[in-house]
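Sequence order for the protein chains is A, B and C. Each residue of the first sequence is one higher than the one before, counting from 1 in the working numbering. Each residue of the second sequence is one higher than the one before, counting from 1001 in the working numbering. Each residue of the third sequence is one higher than the one before, counting from 2001 in the working numbering.
Mixed in with the good hints there might be a few duds.
Unchecked claim - Think about it this way: if two alpha-carbon atoms lie no more than 30 Å apart in a straight line, the pair counts; the simulated DSSO-like pairs of lysine-lysine are: (1) Lys278(A) / Lys1070(B); (2) Lys1202(B) / Lys278(A); (3) Lys2089(C) / Lys2070(C); (4) Lys1128(B) / Lys31(A).
Note that these hints are calculated values from the structure, not bench results.
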Amino acid sequence: MKKSEPLSNSRGESEGVIQNLALSTTIRVLKYSGIRLLSLVFTVIIGIYLTILIANMGGYVDTIRLAQIREDVNMRMASNPAFRSLTAEERTNLASAEIENQAHAIGLDKPFLVRSFNFLKNAITLNLGRAFHMVSNAGANEVRLIILERLPSTLVLFATADIVLFFSALFVALGLSRQYGSFFDKLSVALTPLSSAPGWFYGIFLILIFASILKVLPFGGMVSSPPPPTRIGYLFSLLEHMILPIAAYTVSSLFLSIFSWRTFFLIYSSEDYVDMAKAKGLMARDIQNKYILRPTLPTIITSFALLVIASWTGAPIFETVFNWPGLGRALYQAVGLFDTPVIIGETVIFSYMLMITVFLLDFVYALVDPRIKLGEV
Amino acid sequence: MDASPLLKVEDLVLYFRTTRGVVQAVDKVNLCLEDNHAIVIVGESGCGKSSLAKAILRLLPKNVQSYQGKVFLDQVDIMAMNDEEFRKNVRWQWLSMVPQAAMNSLNPVLTIGDQVTEPFILHTSASKAEALLQAKKMFDYVGIPESFLYRYTFELSGGMRQRSAIAMSLITMPKLIVLDEPTSALDVLTQANIFNMLKRLKQELAISFILITHDIATSSEIADSVAVMYAGQIVEINNATRFFIEPLHPYSRKLMDSVPRLHGDKEPDFIVGRPPSLVNLPTGCRFKDRCPDRFGKCSHEPPMTLAKDHLVKCWLYEV
Amino acid sequence: MNKSFRDILKYPSVIVGLLIIVALILVSIFTVIAIPYDEAIKLWRGNEADWYKNPKTAGPVWLNWFSREKLPETIIIDADEAGIEKTIKETQSGQIITMSIPIRFDFDVYAEDMTLYFQSNFEEKAPFIGLKWTFPDGEEIGIGNFSINRKFSYRLNQERKITNKLKGLVASQGLFTNLKEKENKPWKGDYTLTIEAITFDKTANVQAELIIYGQLSGWAGTDTLRRDLGIALLWGTPIALMFGLLAAVGTSLFQITIAGISTWFGGWVDTLLQRITEINLVLPFLPMLIMIGTFYSRSIFVILSAVILLSIFGQGVKTFRAAFLQIKEAPYIEAAKAYGASDISIIMRYMIPRVLPMLIPQFIVLIPSYVFLEASLAILGLGDPTLPTWGKVIQDAESNGALYQGWYYWVIEPSILLMLTGLAFSMVGYALDRVFNPRLREE
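Next up, chain A with everything else stripped away, as it sits in the complex (with noise of 0.2 Å):
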C-alpha cells in the first residue's frame, strides 16, 4: 500500500486521500481483530484449562494419561523381541515399573494444580491420546483425529444454515420494517413465541411429517448411503440432506431474530440523519441501505453473535436428531460410551469453535462501525 503524494492536481489529491482512507480503515480492522484474537486466545486457554480442571476433580484426565502410558508400554514390549524370553510375570513386573517410571516423568504424583497445567499444553492441541471406544472412519482411535474429522460436516451444516438465517431474517425484518402495522408485521410479532423452543425440537416434527408421512425427505443423515458417485450428485444429496436441518434451525431462530431487528431499524429510521437523508432528496432505496441498514448493523451482528454462540449449545442433540456425523454427534455417543477422552477433547474443541465465531463477528462489526476502538466491546 503506497501512501499518496502530493500531486499537481486536486484530483489527484482527492484520491490519493481517498487511497488514505481506505488503508487507514483497513489499518484500524487490522489492529482491533489483531487484539481482539490476543485477548480471544488468552480466554480459551483459561476455558480450557477450566475444563481440564473440571475433568480432572474426578481425575478422569489422570485416567486417560495412565492408559496412554500403559498402552504405549505395553505396545513396546510386545514389538521388542528382547522381551520375548521372559515368563509372563517377569514382563508385568517390568512393565509396571517402567509405567511408574513413565507416570513420574510427565509428573502424574506430583500435585492436582501442577498436573493439571501439564495437560493444559497437550489439551490445547487436542494431544489427548487414544479413545477409549470410539473410532474415526479410517480405523485410528486417536482422538485428535476422532474430532477433526468430523469437524467439517459440522461447519458445512451450521455456516450454511447460519448464512441462511442471516439473509432471511435481514430481509424479511427490513421490509416489515417499512411496513409498521400491517398484517405481516402483526404475524411476525405474534409468531415471535416459536423461537422459545430450540432447532432439535422442530427437527423432530419436521423428520416426523417430511420423512416418516410424506417420505419426501431422507430421514436423516449427510449424504445418501452409499454416496453418490459424481461431485454433482454428491452436492445435491448434501444439499437435500441439508434441507430438514436448516428449515428447523431456521424456524427455530427466525422469528425472534426478525422481530427483534424489525424494532432496531424502527428505531434506527427516526433518527435525525435518516430525516436529513430524506431531505437531500436520496432515493428510498439509498435511504434505506446506507442511512438505516448500515448504522444498524453493529447492533444486528452483535445480536447475530449471541444467537450463533447459543445455537452452539443444541449442537449434540441437533446433529444426533438428525443423524449427522459432526461434532455434536461425535460428543452424544461419546457420553453413551463413556468414552472420556473424546468427551473431553470434544469440550476443547467447542471452546475453539466458540472463539472462532466470536472472532469473526467482532471482526465483521469492526468492519461496519467506524465508532470502533480499541478497548472496548
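Please arrange chains B and C on chain A, whose structure you already have, making use of the hints.
Coordinates of chains B and C only, in the frame set by chain A:
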C-alpha cells in the same frame, strides 16, 4: 411586499394526529421572502416553528392529519408537486436545510465527505472526484480543512459538525436554505462564529435563509425580516430594523423585553403563564390569556393587519 | 404500575399465555397432591407387578375419537367381580369351580394380547384348569388344559395349541374371528370364557383375572415397559416448572447482583468481572454440563447448580450493567448523593426499581429455555435417572425408535407439553417486554 418574492407561503397548514388529539402545529401561515434575504422566525418552544420548517421542506412524519396550502418558490407552487417530482427537482436543488446541531443529524457510519457529496452526485450526476472538489470548495467557504472530509461524525466537534452541515447545505447552490435552530446546542463563541460565517455567505453567495430560532439576540445580526410565531400562527412580520426598534404585537414586545441588554439598567421581563397546547387551542386570539393588553374583542380571532409597515395579528392595530 | 398491567392485558397472546401457565401450575399442584412423589416413583420405576395390567406401547384412549376404526381398549375382568357366574360343585377331594366370564367385543381392530392370571392358595396338589371359549354364534372350542401354581400366567397368544386351532391366528385375533369366513376381521359380539377349575382340597380357591390387552390405554398411552405415560407427563409438569423457574430466578438474581457490584465499585472489580464474562462467553455450556453429568452426578440438584453457575456470567450481566451505568450517571442519583443518601438506600430505592422492569420480561422469557435445557439433557441420556420428566419420555421414545415404529403419541405428547410451556412463558414475557421496555414501545 415586492411583486416577485423568492418565497411566498400561502395559508400553509400542517396538523398531526396523536393519541392526545390533533396537534395544529402550523395553522394557516403566510410568509414572504425576498431574494438574498434572511428571515428569522422566532418563538417559544412548542410554538410550531420546527413544524413550519418541516412543512416547507416536506419532511412529514407518518401521522399527518392535514397538509395543505401553497408554497411558491420562484413562482412555482412546490406544494402542488407529487413526492417524486419534489424529490428530483426541489430537494437540495432549490431548498436545502441545516439541522439542529445534534450528533444525530449526521450519519455515524459514513464519512463526512460521503454525506456532503451525496446530494451533489445525486442531482448533478457528477463523479465522486468532481463532487469531492466541490465539497472542498464548500469547506473553504465555511472554513474547515479538507482532511475533515475523510473523518467520521464522532471525530468532529460540535462547531465543526455544524460547519460541515452548512457546507453540505451549500453544495448544490440552492435558492433557499432553511436553518432550524442551527446553533442552539453550541457554546456562545462557536455560535458567534457560525453567525458571522452565515452573514458572509449571504453576502458572497447571494443565498436566502429562513432561520428558525428562539435566540433573538444572536439572530438579530443576520435578520432582514423577522416573523414571530405563537401557537402555530404568525403574529407579526416586519423588516428587522423596524421590528427591533418597535415591536408591535404584545407578545413580540414581551419577547424583546425578556432579552437582557448589554447597556442600561432595565431588568429583563418575563411573560406569565405558558403557551397553549397545540391540541386544545383556545378560541379567539391565542395570546389573550397572557396578554397584558387584552380587551373584549380579543375573544375573536384577529386578522392580520398592516400597521406602520408591520404585519400584525392583533386587534390593537385594527384600522 | 397499574397502567402497565392494563397495557399488558391488552395483548390477547398474554391472556392465552397466562391461562396456560395457570393451567400448568394447577396441574402441578394436583399432581403433587393426588399422586404423591413416592407413589409416582413406585409407579414409574416399579416392576412387573405394577405394570402388568397395561398393554405395551398402547396409544391414548382418546385416539378413538378421531379414527373411524375403533381400536380396542384393554378389557380387564376379574372373575371374582359381581355379576360373574361362579358355580361350585363339591367333589370327593375338592371342588369344581366353574367361572363364566362374558366378554363383549365390538371394536374394529384386534387386541394386542390376551393373558389369564391365576392365583390359588392350595395346600398340596395344584388345581387343574380347563378353558372353553364360546363364540357369539354359540360354537365352543377348548383352549387349554393345564395345572397352575400359586401364581400363574397363561399367555394365550403364546400357546401353539390355540393358534393351531385358530387357522394360524394367535388367540387375541383368532378367538375374535369368524373362522368360517374367508376374511380375518374382528367379529363383534358377545363371547364367553368358561374356566373350569378342579381343586384337590376343600379349602383351595382359584382366582382368575382375564386381561385382553387393547391397543389403547389410559389418557396418555403406555410405553414399551407397559408404564402409563400419564404419570411421567403429570409429574414432568412440576419438575419442568421448578427447574425452569429456579434456574431462571437463580441466574437472573446473580446476574443483577454481579452487574450491580461491577458498576458500583468500578475500577479493577469492574474489569475483572468483565473479563470473567468474556471467558464465560467462550466456555461451551452444554459440553461442560455433559462433562459434569457424565463424570460426576446426574442428580437434578447438581445439574441445576451447575447450570446456574455456568450462566451467571452470561449475557444478562452486560445488559444489566448497561442499564446500571445509565442510572448511575443520572442527575437524580447525583442529587441523592448530594443530600447525603447512603449507598444502600440509593441502590435500593433508585437503582434497583429502575432496572426491575427490564429484569422481569427477560427472566420470564428465560424460563422456557431452561425447561428445554432440562429436556435436552434428558435426551442426551443425562437426565436425573430417578425422575420422570418430559425429556426422559422423549429419550425413551427415541431410544426405542418410536418415530420409526409409528408410536407417534409417545413423542408428540411430551413435545406438546414442552411447546405449550415454552409458548406460554414466551408470550407473556414478550408482551411484558413491549410494555416495560420503553425503547421497544411502539406509539
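Status of the hints after comparison with the structure:
Among the hinted pairs, lysine 278(A) with lysine 1070(B) is consistent with the structure: their alpha-carbon atoms are about 21 Å apart, no more than 30 Å. Under the criterion of a C-alpha separation no larger than 30 Å, the hint pairing lysine 1202(B) with lysine 278(A) is consistent with the structure, at around 25 Å. Distance check on the hinted pair: lysine 2089(C) and lysine 2070(C) sit about 40 Å apart at the alpha-carbon level, beyond 30 Å; violated. For a cut-off of 30 Å, the pair hint linking lysine 1128(B) to lysine 31(A) stands: about 29 Å separates their Cα positions.
Hint check: a violation occurs at hint 3 only; the rest are consistent with the structure.
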